[in-house]
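Colleague: Let chain Y serve as the given structure and place chain C on it in line with the hints.
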Amino acid sequence: MMVTVKLFASLRERASASELRIELAEPATVALARDALAERFPTLCDFLPRVAWAVNRAYVPIETELRDGDELAVIPPVSGGCDDVT
Amino acid sequence: MTSHEDWISLLPEPLDAAAAVAFVTDGQAGGIDVFLGTTRAETSSDGRALIALDYEAYEQMAVEQLRELARRARERWPIVRLAILHRTGRVAVAEPSVIIAVSTPHRAESFTACRRLIDTLKQDVAIWKKEVWADGSGTWVGGNPNDETRNPNE
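Protein chains in written order, with this note's numbering: chain Y, 8 to 93; chain C, 301 to 454.
Bound conformation, chain Y alone (with noise of 0.2 Å):
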């Protein structure tokens, strides 16, 4: 089965990609979607453990089951608004 994966912000930067897709055997999870990603861009394996997930577009934990065209979002950490730093 085929995903779609989703990079964004420092991600999207360190990949030197936005979007990609994968193959995945079934039954696929978002854990495994993040062990095929972390071996195919060692450079996300640090930021891996800190990041969320989103499966078409609604955040979900890790052990979520994938489909054959799912998208998936790796979300780093938000900074929507302004002001963060106090």
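In short, the hints are calculated from the structure, not lab data.
Ideal Cβ placement from N, Cα and C applies to all residues, glycine included.
Any given hint could turn out to be false.
Here are the simulated distance ranges between beta carbons [what the hints assert, rightly or not]: (1) Y/N63 - C/D419: 35 to 45 Å; (2) Y/R47 - C/S437: 25 to 35 Å; (3) Y/L27 - C/Q423: 22 to 32 Å; (4) C/A317 - Y/T36: 42 to 52 Å; (5) Y/E72 - C/E305: 33 to 43 Å.
Modeller: Coordinates of chain C only, in the frame set by chain Y:
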């Protein structure tokens, strides 16, 4: 109370606070609260000046999340009209990156709703920012694996 469509948008151009106020202006409201988040000039510990913030969004998810924030706010407060606008791209010092405008029948509710909306937006909406320094370097906020910014799933 009549229910109005909210104005929720991610925009690559400068945000227009007057347009947001005009949008939430309504004869059913007795108070309008407006929050603008702006880029603050900073100096890094090694003396570089911050010139702008670059905003990046997972646009489809961020808009869905903002709509959900608006829906939950409407369940909680008697909001007449609501606008949530957020920039993408480069936002220079003193320019707004986010505008929240809320009108409610009485002023206390508009202060509370506006405050709660900006606090929640910052916690989990899929938007990131990069500090852009005068020497051309950039730093993603929360994007450094060694810092302690919160993960929204935790």
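Colleague: For each hint, tell me whether it holds in the structure or not.
Modeller: Now the hints, each set against the structure:
1. Y/N63 - C/D419: 35 to 45 Å: Between Y/N63 and C/D419, where Cβ atoms are some 26 Å apart, the hint is violated.
2. Y/R47 - C/S437: 25 to 35 Å: With Cβ atoms ~27 Å apart, the hint holds.
3. Y/L27 - C/Q423: 22 to 32 Å: Holds, since Y/L27 and C/Q423 (Cβ atoms, about 28 Å apart) stay within the stated range.
4. C/A317 - Y/T36: 42 to 52 Å: Given a distance of about 45 Å, which is inside 42 to 52 Å, the answer is holds.
5. Y/E72 - C/E305: 33 to 43 Å: Since Y/E72 and C/E305 have Cβ atoms about 36 Å apart, the given range 33 to 43 Å holds.
The structure fails to meet hint 1 from the earlier list, while all remaining hints are met.
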